[in-house]
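Peer 1: So the chains spell out like this:
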Amino acid sequence: MSNIAWMAWTLPTAIFFVLLALTLLTMTYLAAAYPEAERVGILRIPTTRGDRLFISLILAAVIHLLWIGFIGTDSIATLPVGEEAIEVSSLWFATVISFVTAVLVFRTV
Amino acid sequence: MDKTVNQKAWFLVLPVFLIVAFSAVLPLMTVVNYSFQDTFGNNQFFWNGVGWFKELLDPSTDLGSRFFASLWRNLFFSAVILAIEVPLGIIVALSMPRDGWRVAACLVILALPLLIPWNVVGTIWQIFGRPDIGLLGYVLNNIGIEYNYVSNEFDAWATVIVMDVWHWTSLVALLCYAGLKSIPDAYYQAAQIDGASRWAVFTAIQLPKMNRVLLIAVLLRFMDSFMIYTEPFVVTGGGPGNSTTFVSIELVKIALGQFDLGKAAALSLVYNLIIIIVCWVFYTVMTNAGVDRQRTQGAA
Numbered sequence: 001m002s003n004i005a006w007m008a009w010t011l012p013t014a015i016f017f018v019l020l021a022l023t024l025l026t027m028t029y030l031a032a033a034y035p036e037a038e039r040v041g042i043l044r045i046p047t048t049r050g051d052r053l054f055i056s057l058i059l060a061a062v063i064h065l066l067w068i069g070f071i072g073t074d075s076i077a078t079l080p081v082g083e084e085a086i087e088v089s090s091l092w093f094a095t096v097i098s099f100v101t102a103v104l105v106f107r108t109v
Numbered sequence: 001m002d003k004t005v006n007q008k009a010w011f012l013v014l015p016v017f018l019i020v021a022f023s024a025v026l027p028l029m030t031v032v033n034y035s036f037q038d039t040f041g042n043n044q045f046f047w048n049g050v051g052w053f054k055e056l057l058d059p060s061t062d063l064g065s066r067f068f069a070s071l072w073r074n075l076f077f078s079a080v081i082l083a084i085e086v087p088l089g090i091i092v093a094l095s096m097p098r099d100g101w102r103v104a105a106c107l108v109i110l111a112l113p114l115l116i117p118w119n120v121v122g123t124i125w126q127i128f129g130r131p132d133i134g135l136l137g138y139v140l141n142n143i144g145i146e147y148n149y150v151s152n153e154f155d156a157w158a159t160v161i162v163m164d165v166w167h168w169t170s171l172v173a174l175l176c177y178a179g180l181k182s183i184p185d186a187y188y189q190a191a192q193i194d195g196a197s198r199w200a201v202f203t204a205i206q207l208p209k210m211n212r213v214l215l216i217a218v219l220l221r222f223m224d225s226f227m228i229y230t231e232p233f234v235v236t237g238g239g240p241g242n243s244t245t246f247v248s249i250e251l252v253k254i255a256l257g258q259f260d261l262g263k264a265a266a267l268s269l270v271y272n273l274i275i276i277i278v279c280w281v282f283y284t285v286m287t288n289a290g291v292d293r294q295r296t297q298g299a300a
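Protein chains in written order, with the numbering used here: chain A, 1 to 109; chain S, 1 to 300.
Only chain A is shown next, with the shape it has when bound in the complex (with noise of 0.2 Å):
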């Protein structure tokens, strides 16, 4: 492990990659298994579900940075869990209004 110190990785960065890496895969197979034709949607330009899930990814790191920058990250609520507890942050709305911004540039894109 010492030899790969220098990136500093921690549990949520690798389950953040992992998830974005999953997403990844999910998406090539669905692409090789059940190819699509691009669509016309309300920004009127032709996207591929690709292209959709990299607008919903980029949408999701705007609307992150926006919550933190205008909102911030104070503490909504403290899980009993464990011996200290964990806090967790309001910047968790900020994760599911990326879901739901995902879910409709999914749709209507």
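Rather than coming from a laboratory, the hints here were simulated on the basis of the structure.
The hints are all genuine.
Computed from the model, here is a short list of chain S residues facing chain A with C-beta under 10 Å:
#1 30
#2 32
#3 35
#4 47
#5 53
#6 54
#7 56
#8 57
#9 261
#10 273
#11 284
#12 285
Going by beta-carbon spacing under 10 Å, a handful of chain A positions derived as facing chain S:
#13 44
#14 51
#15 73
We treat Cβ as the ideally placed atom computed from N, Cα and C, and that holds for glycine.
Please build the complex by placing chain S on the supplied structure of chain A, with the hints as guidance.
Peer 2: Below, chain S alone, put in the same frame as chain A:
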């Protein structure tokens, strides 16, 4: 007819995937890891959550004020050089000869600045502008215009902008010239028969035909100027004060000057996000501009 599908070609792309993974994906993952942590060296990291991002997006903190100041400075710089280079490039392209040996001569002269490496361009202008030994600085000071890019903010900005215009207007001009060359003579003859003015020819024939290349020129020049590092770094070093410190210069100062890897990582991710969004918008507009036109033509 069914096409034979052979997926073996993917193996030929494999080396590229490996190289990109090694040179881009792994470093990017590392930057993401750094952006959530703090370090004092020796590969020891401490979890900081979204702390750096909070600081970065809050203009009342040191990091945030530096980020936003350099971001606005950089956007202003990009806007100024686009506002100069695009019209100037069009004018140069319009006044270029259409045939004969002079075309080749013009193309070579225009291409020269593009072939000079960034740091050399910086060095050229750094010496050119010096009041003691530089031709430009010496002449300006001797005809009564006080000019010193080391101590005066306006002079530093003027030098960096003129340098960029000198370096890159050729690119816009060459792209526009290529666009102009693709216009068939029949268009001009028709305009002449109709008695169109020079301005009418420009707005109705030349500008629409240059549409696509202009979009490419704006995209290239915006991205390049938004990521500019070497030239202002060599000429002004970001000074006087912080007046020509653009985002990339600020980023290098934080990452390599202060060795604040967490702050630098958060800044570079936001910087990267802005660039990705702008690229995507430009790319989408570019690839769909032609499609829309075909569609409307098809409907008409």
